[in-house]
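Chemist: Work out the full structure: start from the sequences and follow the hints.
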Amino acid sequence: MALLKSKQAVKFNHKHLLGIQDLSIPEINYILDESLAFVELNRKSSKKLDILKGKTQINLFFENSTRTLSSFELAGKRLGADVMNMNVLNSSIKKGETLIDTAMTLNAMHPDILVIRHQDSGAANLLSQKVNCSVINAGDGKREHPTQALLDAMTIKSKKGKIEGLVITICGDIMHSRVARSNIYILTMLGAEVRVVAPSTLMPKNIEQLGVKAYTDMEQGLKNSDIIMMLRMQTERMDGSYVPSTREYYEFFALDYKKIKFAKDDALIMHPGPMNRGVEIDANLADDINRSIIIQQVEMGVAVRMACLKILMENNS
Amino acid sequence: MKEALINCRIIDPKNNIDEQGGILINENGFIEEIGKKVNKENLGQIKTTDLKNKIAIPGIIDSRVFVGEPGYEYKENFRTLSEAALSGGVTSAVTMPNTNPIIDNVSTLDFMIGRAKEKSTLKIYPLASLTRNTDGSDITEFGLLKMRGAIGFTDGTKSIENNNVMDKIFNYGKNQDALIIQFPQDNQLSKNGLINSGLIATRLGLKGIPASAEHILIERDLRLLNQYQSRYHIATLSSKESLNIIKEWKSKNLKFSTGVSINNLSLNENDIGDFRTFLKLSPPLRTEDDRLSLIEGIKNNLVDVIASDHKPEDEESKRITFDQAAFGACGIETLLSLSLELYHNKSLPLKKIIQCLTENPAKIFNIKAGSLDKGYPADIAVLDLDKPWVVKKENIKSKSKNTSIENKKLQGKVTRTYLNGKLVFEE
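Residue numbers (our numbering), protein chains in the order written: chain A, 62 to 378; chain B, 34 to 460.
No lab work stands behind these hints, which were simulated from the structure alone. Careful, some of the hints might be misleading.
[Claimed, not checked] 20 Å max Cα-Cα, derived PhoX-like pairs, lysine-lysine:
#, chain 1, residue 1, chain 2, residue 2
1, A, Lys191, B, Lys351
2, B, Lys273, A, Lys266
3, A, Lys266, B, Lys224
[Stated by the list, open to error] Derived, one-sided and incomplete: chain A residues facing chain B with beta-carbon distance under 10 Å:
#, residue
4, Gln180
5, Met236
6, Pro260
7, Thr262
8, Pro265
9, Gln270
10, Lys274
11, Pro305
12, Gly334
All of these numbers come straight from a predicted model, not from anything done at the bench. Glycine included, each C-beta is placed from N, C-alpha and C at the ideal position.
Modeler: Printed below as a string of structure tokens:
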């Protein structure tokens, strides 16, 4: 099978996948290429492989997640791994055990791969220093969410045929978004013109130095855009008032049929989910099959995560 | 028995001395004579120690030290603190009230002083809190606490937020001639902040602490101080613009003093690297431009004191995520050596550095130390100015090992420390 032939030309020189920042352009393309084959596989009726047979994958999620967790779980299972989801809400972590203690405990069970999501930036890095197995960052605080950025790049590529030269505008709560950061890194590396639009209270300092253009006005930011990526307002990470009300935010920063006209006629809409309909995006627009590729993102998610698991395991065995 | 230290280069900024000679210590551990005339020929039967041309300076006063007692003995106790301090030439420590319980009343202060008398070789000069339980609302008994040994007042790790309370502190503090020490960082602007706000915070996904949090507090305090002319010290500076504010008020003849942590003079935000929690400091490390301007501030006498900001934290408080980790680094034993880096890299003259560690804090905190005046206690640090060494975790004497400069190569080390004329540390 084509799937099983790895392309030896590109070396993926990492034990862990902690952030897009750590990757090179060839490494990113390597993951995207590998993912392509899994997209095909996932559309077949028989989806099971045994590449990870005998391997143990633990999904350690300290934050609530539906799509990322299920996506990682499916990805591991389809590759034949034994997958365990750690239910943090019921574990001793709530009884004051530290992240390191948890890591050491899990490490003693000899997993081959740990997928971690944590509310603190740098948590995946910390964990990776303490365990013997590979660590995949499934979102750490406000820092990175590398598999999301990879699946977003994959989705854009499949819909537009390329990334280089596209105008991609990321809108919303940039400040608290790891998705925005990882996407900024990957899309600028792959040659897109990346813009961010947010009220200035939700714009991180010195963001331009990451190679993006920053706007506080949707009309200007969306002009000539090929892709519009909407972000969720992360109220759980906010302390204090960043915008006066949902109503006001919707008026100026939500994507609706009026504002989408500022972008190119064939501009596509993405959202990493979960969506707040009526807050950052018009409910009907989110479901518009001519515009929204949100569902495709989810599909690509499984394939990209399968590719990541495979590559890391190949590397470490 | 009298004793003399001979053959040394004596540097005593207060008396403007930088000369070869010796120091004669009397039977009671006080300085009897210093200078060229203290030499082998003139001493007769008096016991002499040949310092072999090393440098003798007044024992250092560290003006910002968090002790573990009471309440945090597992982080640092008086014995480990003393050992650490004396090995770095520090003979006096001004201690913070942020213990558990907080030193905000006479009985806790008495208890703490009692423990220090019993356990500490290092001289302890305690501060008490400005407000009860450092909650920023009710002021403490400045007068009574001062009578019982508190040399100043500060809430330590946070500022007084309420303008009305701060106004009362300045106003009432004047009656008691109380030294008011502010940690200058607006509590609200810095809330949940972890490091300097800017590109690094954005990249690491960490909430920033804007420099304006410092500017606003300093600006407000100096405006209030201008009405009352109380004794006022700004504990820690971190940003360039703060120096402009200070300069402006000093030019209006307002009297106050300022300090800086050696961390902010030696390191910048880039040193945080990949979430190094030992560099999660308060005030945060800021830009290289800020660091350089703080050094300029010392040169221009806008900054008076260099302190270690010694804050021992155990592994449990640091080996966790950056968000959850405690602020602070231990550093009392490396204060002088790290300060000397600023001499070796030609940032500051040697005399100026020693002045900021001895004469200036003695004057601000009104402590009988920090100089080699006749009649002063013979607290002396003997320094090998060029000796190279590496900061190793396993050699740290503090109970907690959270140094901000692990594995750093330094030049210059204390080889002997005298306290009240007694040799208390020798390498």
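Chemist: State for each hint whether it applies.
Modeler: Hint check:
1. A/Lys191 to B/Lys351: 14 Å, holds
2. B/Lys273 to A/Lys266: 18 Å, holds
3. A/Lys266 to B/Lys224: 17 Å, holds
4. Gln180: 8 Å, holds
5. Met236: At about 9 Å, which falls below the 10 Å cut-off, the nearest Cβ of chain B leaves the hint on A/Met236 intact, so it holds.
6. Pro260: Interface hint status for A/Pro260: violated (16 Å vs cutoff 10 Å).
7. Thr262: The hint is violated - A/Thr262 has no Cβ within 10 Å of chain B, the shortest such distance being about 13 Å.
8. Pro265: Because about 4 Å separates A/Pro265 from the closest Cβ in chain B, which is inside the 10 Å limit, the hint holds.
9. Gln270: With a closest approach of 5 Å, the A/Gln270 hint holds.
10. Lys274: 15 Å, violated
11. Pro305: 18 Å, violated
12. Gly334: This hint is violated: A/Gly334 lies away from chain B, its Cβ roughly 19 Å from the closest one there, beyond 10 Å.
Consistency note: the structure conflicts with the earlier hints numbered 6, 7, 10, 11, 12.
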